[in-house]
Amino acid sequence: MQRIGVFICWCGSNIAATVDVVKVAETIKNEPGVVFAANYQYMCSENGQQLIKQAIKEHNLTGIVVGACSPRMHEATFRKAAEEAGMNPYMVEIANIREHCSWIHKDMEETTEKAVVLVRTAIAKVKLNAPLMAGESPVIKRALVIGGGIAGIQAALDIADAGFEVDIVEKNATIGGRMAQLDKTFPTLDCSACILTPKMVDCAQHEKIDILSYSEVEEVKGFVGNFNVKIRRKARYVDESKCTGCKICMEKCPAKKGANEFNMGLDNRPAIHIPFAQAIPNVAVIDPEQCIKLKTGKCGICQKFCGVGAIDYEQKDTFVERQYGAIVVATGFKPIALDNFNEYGYADNKDVITSLELERLMNAAGPTGGVLLRPSDKQHPKVITFIQCVGSRDSSGCGKPYCSKICCMYTAKHAMLIREKYPDTEVHVFYIDVRTPGKNYDEFHRRAVEQYGVDYIKGMVGKVYNENGKLMVQGSNLIDNEQITIESDLVVLATAIEPEPSVRKIATLLTASIDTNNFLTESHAKLRPVESPTAGVYLAGVCQGPKDIPETVSQASACAAKVIGLLVKDKLKTNPCVAQPDENMCNGCGQCANVCPYGAITYVDKEFRLGGGKTEIRRVATVNPAVCQGCGACTVTCPSGAMDLKGFSSKQIMSEVEAICKM
Amino acid sequence: MQDVKTEKKEFTPNIVAFCCNWCSYAGADLAGSSRLSYPANVKIIRVPCSCRVNPMFVLKAFQQGADGVILCGCHPGDCHYVTGNYYTRRRMALLYSFLNYMGIEKARTRLEWVSAAEGQRFSAVMNDFVKTVTELGENKRLTDLRVKEGE
Amino acid sequence: MKDVELKVVERAKALLASGEVARVVGWKKGDFCFDPSPAVFESVEELDGLVYNWFCGANLSKYLIEISKKEGKTAVFLKPCDTYSFNQLIKEHRINREKVYAIAVECLGKLDVEKIKAKGVSMIEDVEVVEKEVKVATAYGTETLHKPEVLLTKCETCQKTHQVKDEEIILHERPARDVDRFAEVAKLEAMTEDERFAFWKEQLSKCIRCNACRNVCPACSCVKCVFDNPASGISAKANDAEFEEQLFHIIRAFHVAGRCTDCGECSRVCPQNIPLHLLNRKFIKDIDGFYGEYQAGEEAEGKTPLTSFTEGDVEPNDAVDGEAK
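Chains as they are written, first to last, in the numbering used here: chain A, 1 to 663; chain B, 1 to 151; chain C, 1 to 325.
Calculated directly from the structure, the hints in this document are not laboratory data.
It is possible that part of the hints are untrue.
Claimed, not checked - Quick list of in silico lysine to any residue cross-link-like pairs, SDA-like style, CA-CA up to 20 Å: (1) K230(A) / K106(B); (2) K187(C) / R121(B); (3) K242(A) / N282(A); (4) K70(C) / K230(A); (5) K400(A) / A337(A); (6) K505(A) / T12(B); (7) K662(A) / T12(B); (8) K106(A) / E10(B); (9) K106(B) / K187(C).
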């Protein structure tokens, strides 16, 4: 006889505000087989779990249903609680009455009714659950870090320092990422390159780290502990093992008009180039779109001058396949395109620039050698106006709905650095709000205002236009309640940031969740902030949400800690929800093996008793539970229904269908 | 006391959605956490992969009173189990066409690929499906397909 | 036909006598000329009862699943359509090919005694066919019928050729013909949903769930049928018998989709004359239309349309009647 316990969670007001949890529990109490039903504010809390454990013991429960948030959230929590109370963890089913109910429907009566149906459905299933035992799978003790910015670098260093092999796959020719482009960093104003480049060198020199630059992840197979990753090593037309980074090729290359990506296109670079002086690896790359030899077949100058014979115009993309136990995604960000923001005149005026462009203009290694000269006429700007929240906190649909988080601080930094270096420069900042939470952050901003006399104007800019060579910034001053126009020499837009677009492909390959803004979703916003819901995949840096360098580094180290915690294990428990044939019904027809993507099914000749002392030998399917991933493709293709899936059996699903259809 | 329930409720279809655990169920979760509403009569059954959905489940749902059945899985090429949804696509193409041949309106059966990122799409798909099925009205055909003697 | 029958019996006896085969599977004479039934012959004497006439419509391939498990080789007579079922069963590892001696036997179409009787012809004693004329000898004299009108439904559109043979007994070549086996399916497809529903409701309401279709179907050869499998959730023993009752034919048709060779046995044996082959043919037509022409049983190995795919397959929402719409 089944003895089912049902536990309805309020999730504070998340569920209780729209679902009458008491009524749900009361209604369910009368369901056949249900011997206990309770409701509680937070089932996932220690007390909630205690309540479950106690009920299991006191009422001798054979199975439980928790009406709560998505099973993707807390199924594991409740299974663990059940296990601690002596119940097989697979005798637990979750009714998702939050994401699929309380959060999306408003009418209390309707929502309560639906919650009851969902709980009934889970009861119908759990009644047919069978105790399952997890198997084991080995862990490959090597990690993959996708993205070689500060997040990837930090994660790789931490993992490698713990003694595990790490590969960094970076799509650009060098690691370093956005941080390499920055001039100074807030709130301490230390030089970005001075703190980043030693870490880049550490990576290059670390015996456990392998940097695969100019490479992209092409294919990901497998699962936590056992990922099989195919990496495309893009043709750089330069033999990485031979190039010494002497840069003679750069000098000699006749195709010098390529937009220098590292300097945000503010100057040019040759077709063959090393992205910047401290690049790691310090190896040249040829831009095939620009290279005369690759485009026309004529030229070959770089090859002629290369003293080590590193140039190889015939180089093709190659592929490497490697196995990893864990994957860290650290794909970073880019500033948004400003096509939707014509009012700021970015496309029409050379002297309207983005903050990242300003970083390059102020950087000693930048196009102006660190002297602040405006792009149009290379003159010192005397009046500089900063505009905040360009594309951030924008609900109009033109920009991004979120706060980019770093702009307030870097604008204060820019303003301060300019005032310090060029005290005769007038600096204005249009802002909506100044947001500076963080250690020493508000102090930093106040210093800009109080010590450096930066003119902060609360208000938005309506228009930037060119009048006789002057940039007129027209905006409102909300404090004085007036419209003002500031004649400026340079306008700097604090452009919103967005995840690097390639993250979409990565997310797809990893089957990692991604949100509407292309930020990767963490497993739990607060409690599992560096884990993707896909087991074995971890998130570091802006790919998960806007953040500054200190936060990124913290998150990367947190990722590393998680990865180390995984790789240190020799074996992982495997999903016991695998396919299993009933040999008495199996025809041995071979259809199931045809659809199995893992090759988990084989056939054996087996002797069966027929009764009356007779036996017969029949060909029947067998499933390797360590290889089977539990998709269920075989179950549907099986004509006799001999193949079934543990945890999602035909009978269970049919029973769920029946229950869920009853209004 | 006044019985407010006497007024006839307008038809709300009973919709069963089979969602794969990795993409569509997560997409539905995202619709939830983004508070992107869709009608409460859409009820979701979680399956590991869309390829776990046996046509029998679809038939069972209709027979048990569902007015529309929708299957959601990862986009082709994105299946967590590599190829599962390709088999689903063939099975359902044939099943849906066959049911239509039996006289069941095509629009009552649907298959949509919804990724874990597409909370918005999940909600939009469900709203649209509910609207379509509401227009079709109640489904009785599969339960009426065979009338036994004496009925 | 008599000449063919003579040869059939002669070969069967020779094979059995020589010990080359341990048994012969063929058709055994019934009480009348029109009711031969599948039988296993294990001695030369028994073979006196072997017949091969215009009423030997039954497909013998399915019997080989059990018989080929026995000691020794089994000879079997296979009409063109039967060979597809035979091949399909080999593909599904249900028949041990090594233990079967397949004799391809000629077929110029088999007759449907029900259709003859429906013409008002009774007390049938013998049948002779000359070209398109069927001469039925009865106790009341001889009646002449137009052959296409009294063929088994499955023979009406048959264009099949022998796919398997260890030897053949073909004395008369069947003339080639050009018929569209999907014409009736297309006719139904052209109807409105309401009309189609009315059609099938009328047809399927006749079903008495005798399981004859399932029992005769060579694709329905499971060790244990899904309808008898309590773990499937659809068995009649499960708590909801209604489901199985109402949806039996849909489930059955889907189960054999991609594997059904269109042998037409289901319709032949249906005591209620439900055109069950029109269900299976719908799947065949759609498979051909969606994924390219495919004839189950043409090959004895390889994947079926439902266990293979291409990345550009038609989307279910757009897939209607063998086309992407």
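Verification of the hints:
1. K230(A) / K106(B): Not satisfied, since the Cα-Cα distance of roughly 41 Å exceeds 20 Å.
2. K187(C) / R121(B): 38 Å, violated
3. K242(A) / N282(A): Holds: K242(A) and N282(A) sit about 11 Å apart, inside 20 Å.
4. K70(C) / K230(A): 51 Å, violated
5. K400(A) / A337(A): At roughly 11 Å apart (the allowed maximum being 20 Å), A337(A) and K400(A) satisfy the hint.
6. K505(A) / T12(B): Outside the cut-off at roughly 39 Å; violated.
7. K662(A) / T12(B): 13 Å, holds
8. K106(A) / E10(B): Since the Cα atoms of K106(A) and E10(B) sit roughly 18 Å apart, the hinted pair holds (cutoff 20 Å).
9. K106(B) / K187(C): 18 Å, holds
In summary, the numbered hints that this structure violates are 1, 2, 4 and 6.
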